[in-house]
Amino acid sequence: MALTYSLAEIASRLGGSVLGDGEVRISSIATLEHADATQISFLTNSKYRGKLAETRAGALILGEADADASDLPRIIAANPYAYFARVSALLNPLPEIQPGVHPSAVVGEGARIDPTASIAATAVIGAGAVIGAHCVIGAGCSIGDHVVIGSHARLYPRVVIYHDCVIGDNLIAHSGVVIGADGFGIAMDEGRWIKIPQIGRVVIGDDVEIGANTTLDRGALDDTVIEEGVKLDNQIQIAHNVRIGAHTAIAGCVGIAGSTSIGKYCQIGGSAGILGHLKIADRVVISSFTLIGKSIREAGTYTGIFPFSKMDEWKKNAVQMRHLDEMLNRIKVLEKLLSEQKVKEE
Amino acid sequence: MALTYSLAEIASRLGGSVLGDGEVRISSIATLEHADATQISFLTNSKYRGKLAETRAGALILGEADADASDLPRIIAANPYAYFARVSALLNPLPEIQPGVHPSAVVGEGARIDPTASIAATAVIGAGAVIGAHCVIGAGCSIGDHVVIGSHARLYPRVVIYHDCVIGDNLIAHSGVVIGADGFGIAMDEGRWIKIPQIGRVVIGDDVEIGANTTLDRGALDDTVIEEGVKLDNQIQIAHNVRIGAHTAIAGCVGIAGSTSIGKYCQIGGSAGILGHLKIADRVVISSFTLIGKSIREAGTYTGIFPFSKMDEWKKNAVQMRHLDEMLNRIKVLEKLLSEQKVKEE
Amino acid sequence: MALTYSLAEIASRLGGSVLGDGEVRISSIATLEHADATQISFLTNSKYRGKLAETRAGALILGEADADASDLPRIIAANPYAYFARVSALLNPLPEIQPGVHPSAVVGEGARIDPTASIAATAVIGAGAVIGAHCVIGAGCSIGDHVVIGSHARLYPRVVIYHDCVIGDNLIAHSGVVIGADGFGIAMDEGRWIKIPQIGRVVIGDDVEIGANTTLDRGALDDTVIEEGVKLDNQIQIAHNVRIGAHTAIAGCVGIAGSTSIGKYCQIGGSAGILGHLKIADRVVISSFTLIGKSIREAGTYTGIFPFSKMDEWKKNAVQMRHLDEMLNRIKVLEKLLSEQKVKEE
Chain A
1 MALTYSLAEI ASRLGGSVLG DGEVRISSIA TLEHADATQI SFLTNSKYRG KLAETRAGAL
61 ILGEADADAS DLPRIIAANP YAYFARVSAL LNPLPEIQPG VHPSAVVGEG ARIDPTASIA
121 ATAVIGAGAV IGAHCVIGAG CSIGDHVVIG SHARLYPRVV IYHDCVIGDN LIAHSGVVIG
181 ADGFGIAMDE GRWIKIPQIG RVVIGDDVEI GANTTLDRGA LDDTVIEEGV KLDNQIQIAH
241 NVRIGAHTAI AGCVGIAGST SIGKYCQIGG SAGILGHLKI ADRVVISSFT LIGKSIREAG
301 TYTGIFPFSK MDEWKKNAVQ MRHLDEMLNR IKVLEKLLSE QKVKEE
Chain B
1 MALTYSLAEI ASRLGGSVLG DGEVRISSIA TLEHADATQI SFLTNSKYRG KLAETRAGAL
61 ILGEADADAS DLPRIIAANP YAYFARVSAL LNPLPEIQPG VHPSAVVGEG ARIDPTASIA
121 ATAVIGAGAV IGAHCVIGAG CSIGDHVVIG SHARLYPRVV IYHDCVIGDN LIAHSGVVIG
181 ADGFGIAMDE GRWIKIPQIG RVVIGDDVEI GANTTLDRGA LDDTVIEEGV KLDNQIQIAH
241 NVRIGAHTAI AGCVGIAGST SIGKYCQIGG SAGILGHLKI ADRVVISSFT LIGKSIREAG
301 TYTGIFPFSK MDEWKKNAVQ MRHLDEMLNR IKVLEKLLSE QKVKEE
Chain C
1 MALTYSLAEI ASRLGGSVLG DGEVRISSIA TLEHADATQI SFLTNSKYRG KLAETRAGAL
61 ILGEADADAS DLPRIIAANP YAYFARVSAL LNPLPEIQPG VHPSAVVGEG ARIDPTASIA
121 ATAVIGAGAV IGAHCVIGAG CSIGDHVVIG SHARLYPRVV IYHDCVIGDN LIAHSGVVIG
181 ADGFGIAMDE GRWIKIPQIG RVVIGDDVEI GANTTLDRGA LDDTVIEEGV KLDNQIQIAH
241 NVRIGAHTAI AGCVGIAGST SIGKYCQIGG SAGILGHLKI ADRVVISSFT LIGKSIREAG
301 TYTGIFPFSK MDEWKKNAVQ MRHLDEMLNR IKVLEKLLSE QKVKEE
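Chains as they are written, first to last, in my numbering: chain A, 1 to 346; chain B, 1 to 346; chain C, 1 to 346.
Since the hints were made in silico from the structure, they are not lab data. Hints are not guaranteed to be accurate.
If chains are identical, the list can't say which one is meant, so a pair holds when it fits in one copy or spans any two.
[Claimed, not checked] Computed list of lysine-lysine pairs in DSSO-like fashion (alpha-carbon distance at most 30 Å, straight line):
#: 1; residue 1: Lys-195; residue 2: Lys-264
#: 2; residue 1: Lys-344; residue 2: Lys-332
#: 3; residue 1: Lys-332; residue 2: Lys-264
#: 4; residue 1: Lys-51; residue 2: Lys-316
#: 5; residue 1: Lys-294; residue 2: Lys-344
#: 6; residue 1: Lys-51; residue 2: Lys-342
#: 7; residue 1: Lys-344; residue 2: Lys-310
#: 8; residue 1: Lys-279; residue 2: Lys-264
#: 9; residue 1: Lys-332; residue 2: Lys-342
#: 10; residue 1: Lys-195; residue 2: Lys-332
#: 11; residue 1: Lys-279; residue 2: Lys-195
#: 12; residue 1: Lys-51; residue 2: Lys-294
#: 13; residue 1: Lys-315; residue 2: Lys-332
#: 14; residue 1: Lys-336; residue 2: Lys-316
#: 15; residue 1: Lys-264; residue 2: Lys-336
#: 16; residue 1: Lys-315; residue 2: Lys-264
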C-alpha cells in the first residue's frame, strides 16, 4: 500500500504554508500534465502559470509569487523546486536496507564491515577495507584494499574503487563509476613511453553523487580531491590531481585535465572541457561544449560554442574561419586608403 | 567445419539474381582486398569499381548499376550493402544458446526466467524480474528488481539495468551499458544541492542496439523512452526524460541533455551534443562535433564544426574570433564613409 | 617496513651521476612542495628552479642544465622526468602476485591459465582462452572464449574482453575497459536498420595501457589494430577497423571513427575527434577539442578550438559567425569601390 500524506502533514514536516483544504491526501508526485487527483504537482517557473488552469492534480506546490495563481489546495514555499524535491523524497523513500553480507560476496582479510551495512551478491571487498554504517554496496562492486568508506554510502552495481581511496559520508555512486584508476602519467624516453607510477589517492568529501560510468583518477604523487557536496553527472572524466571545490555541479561528458583546480559553487555544462594546470575561481559558470584553455579569475559565465546552421550555410561561412586574419588585414588596408584620401582632401 | 553455401542457395534464401556460375561455394565474407577464392566480397559504391579488377574473391555482391563491372560469379541486389549484411549474418550465425541458469548466478525471489533463456556465470537477477524467451544474459550482468525484458535479448557481460525498467524484444546491449541510473536532478537550497528522486523508468522498444559503456538515465517523474529500431553506438549519454524516435541512429560519444525529444529516422554524428528541453524533427542529420542549442523544426543537415588548421595558422585566425563584432563595425564605418563620399561627388 | 635506497644505490641501478652525499637514504618520492628529508624530489623544467630554494626534500633529481641549482644531495640525469618515473617505480613496486585461480572464479572448458597467473574472485574466463605467465586478471573481469593474452598483463576489476581478441605482453587495462564489442555497423533497408555482423577482432601489441572505461570495438571484417607501446587514457572510443600506430598517446574522451588509421608517435589531446576513413601521418599532434575532418599528410600540430570568452562578448561575436561569407562580400564591394575611385583619379 502506498504511503499517503495530507497537505497539512507535509507542511508540518517540510515547512511552507497551506492554502485551501489541508486535509487533501496525496500519494505521489507528478508533472502538471500527468497528475491526477491523488497526486501533488508543482510550478517552479511563473512563465508556465498557464498550465495551472488545465492540471487535474489534487494539490500543488507554488512559489510565493504564484500563491494565488490557482484555487487548488496548495503549499506555498519560498523555493518550490527544492520543496518539490523534498516532497518527492518523502513520498518515495529508498528501499529498506537488508543488512549483512550476501554469501556470494567475497570479503578480504581484515576488512571491517559495519553490521548495519549491506553487501550484495558477487561484490568483492578488499583486504583491510572499512565499510561504514548503513552502506549499501551493490552487486558486483569491487572495493580495493584499504579503502575507507564513511556511513550511508549507496553504491549501485559494478562500481569499482581502487585501493587506498578515502570516501566521506553519504556517497551515491552509480553503476560503472571507477574511482582511483591510474592517472595518465607517461614520460617519453628514447622512443618509448615509461609509466609514471600513480601513488596518490582519490579523497572524496561528504554528500557527493557520481553518475554512471564517470571516472576519477588517483593522483600521481599527491591526491585527487573532490570536496563535499559536489555533484557529478554521467561519463565525466576527472584526471589525476584535479581538485573540485565544494558544491560544484558538473553535467555529463565533461573532461577535466590533470592538476586543474576548480572553485566552489561552479556549474559546468555538458561536454565542456578544462585543460590541465588551470585555476577556476568560485561561482564560475561554463557553458556546454566550451573548452576552457586558461585560468578564470572571476565569477561569471564563460562560453565558446560554435553556432550550428544548415550545412550549406555552414560551408560558406566555415571556409572564412581560416581567413579571418586576412580579412582583418583587408579591412586595415581599406581604412588606410580612406584615411589617406581624407588627408589628401583636406 | 565451416558452413558453405552456393551462390544459388544464397540467392534462394535472400533474393537477388545470380550472374555466372551459381554453384560456386562460399564459406565466408571478406573485403575486396583480402578475399580469396572461397570468399564472397561486395561493392557498395560504384566509385570503387576499379578494385574489382584486382580482387581474388570467389564471388561478388553487386548493385544493379555495376552488374557488368566484373565477370566473377555474382549476385545482383537492389541494395548491395544490406545484402552483404544478410549474407554475413547467414555465414556467421550467433553461437547457440545454452539454456539455463549458471550455478554461480544469483536469482532474486519471484523472478521469472524463461526456460529457453541463458543466464551466465555471476549474473545477478533481481526480485520479480522477468527474462523472456531465448534471452542471453552475460557474465556479471545485474538486472534490477521488477525489470521486464522481452524475448531474444542479448546482453553482453557487465550490463546493468536498474529496477523497474521495461525492455522490448531483440535488445542487444554491449558490455558496460547502464540503463536506468538516476538522472542528474538537483535543486539548490540555501547553499546545498538537494537530490530530486528519479522515479521514472527507462522504456525501450523492440529491435534496439546499445553500444559499450553507453548510459541511459531513468526519468525524473515520467519515463525516458527509446522507440523501436533505435541504434546507439558506444559511450553515448542519454539524460532523463529524453525521447528518441524510432529508427534514429546515433554515433559514439554523443550527449543528449534532459527532456529533449528527437524525431524518427534522425542520424547524429559522433561527439555531437543536444541541449535540454529541445525538439528535433524527423529525418534531421546532425554532423559530428556539433552542438544543437535550439529546436530544429525541419528535416535537413545541420553543422557547427570549427575547422581545424595548422596551429600557427589557427592562432592568427582564432584571435579574431573575439573581434568579429568589432570587425563588422569597422566594415560599417567604411561603408558609411564611402557612401558619404559618393553623395558628395554627386 | 618501507624500502629505502641510498642515492648511490639508485644511481647504480638507474644511471645518472651523484653530486653531494651519496649515502643519503630515500624511502619515497614527492613534489618539491611536499617532500621531507626522507624523500627525493625532482625538477623537470628549469622554469621552476625558484622552488628549489624552499624544498625540504632530502635529495633531488635534476637535469644537466640545473646541476648546480641546488646544494642538496642530487642525481643528475639526461632526462629527469623519465628518471623520476624510474625512481618512483623502484620505490613503489607493484603488489606481489598471488598465483592461482580464486575459488569463486569461473573458468571455461579448455582454457589454459599459466600457473604463475592470478585470477581474482568472480572473474569469468571463457572456453579455450589463454592467459599468459604472470598475468593478473582482476575481480569480475570477463575474458571471452578463445581470447589470447600474453604475459604480464594487469587487468583491473571489471575489464571485459570479447571472444577471439588477441593481446600482446604487458597490457595494463583499467576498470571498465571493453575490448572487442561490436562496431557500429548498420545498413538501412526499407525503413529498418539491418545489423552488419562484426566478425573481425581487436589485436593489441605489446606494452599497451588502456584507461578506465575506454572502449575498443572489434573489426567489421578485418581487425582493429593497436600497435605496440600505444597509451590510451580514460573514456576513449576507438571504432571498428581503426589502426593506431606504435607509441601514439591519446588523452581522455577522444573519439576515433571507423577505419581511420593513425600514425606512430602521434599525440592527441583530450576530447578531440577524428572522422572515419582518414589517414593521419606519423608524429602528428592534435590539440584538445579539435575535430579532424580530413587526412593529415605531414607531421605538425593541428588545432581547431573555438576560443571561449565571457558570455556577453561571445554572444556579440558568435552571431557574426553565421555572416562571415557576407562580411567577406562587403569587404570585396568596398575594395572594388575604392579601386574604381583610384582608376578614376588616375
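Copy assignment of Lys-264 with Lys-336, given that the CA separation must stay at most 30 Å: Neither. Shortest intra-copy (49 Å) and inter-copy (49 Å) distances fail the 30 Å Cα cut-off.
Homo-oligomer pair classification [Lys-294, Lys-51; C-alpha up to 30 Å]: For Lys-51 and Lys-294, only the inter-copy Cα distance (22 Å) is at most 30 Å; the intra-copy one is 44 Å.
Lys-294 and Lys-344: within-copy, between-copy, both or neither at 30 Å Cα: neither (46 Å within a copy, 50 Å between copies)
Copy assignment of Lys-332 with Lys-342, given that the CA separation must stay at most 30 Å: both (15 Å within a copy, 17 Å between copies)
Within, between, both or neither: Lys-344, Lys-332 at alpha-carbon 30 Å: both (18 Å within a copy, 22 Å between copies)
Alpha-carbon proximity context of Lys-315 and Lys-332, limit 30 Å: Classified as both: same-chain Cα gap 26 Å, cross-chain 19 Å, threshold 30 Å.
Intra/inter-copy verdict for Lys-279 and Lys-264 if alpha-carbon distance must be at most 30 Å: within (12 Å within a copy, 33 Å between copies)
Intra- versus inter-subunit Cα pairing at 30 Å for Lys-315 with Lys-264: Answer is between: at 26 Å across copies they meet the 30 Å cutoff, but 41 Å inside does not.
Alpha-carbon proximity context of Lys-332 and Lys-264, limit 30 Å: neither (44 Å within a copy, 43 Å between copies)
Copy assignment of Lys-336 with Lys-316, given that the CA separation must stay at most 30 Å: Classified as both: same-chain Cα gap 28 Å, cross-chain 21 Å, threshold 30 Å.
Same-copy or cross-copy closeness of Lys-195 to Lys-264 [CA-CA at most 30 Å]: between (33 Å within a copy, 18 Å between copies)
Homomeric proximity label, Lys-51 with Lys-342: Cα distance no greater than 30 Å: Classified as neither; 62 Å inside a copy, 58 Å across copies.
Checked against the numbered hints given earlier, this structure breaks hints 3, 4, 5, 6, 7, 10 and 15; the rest are met.
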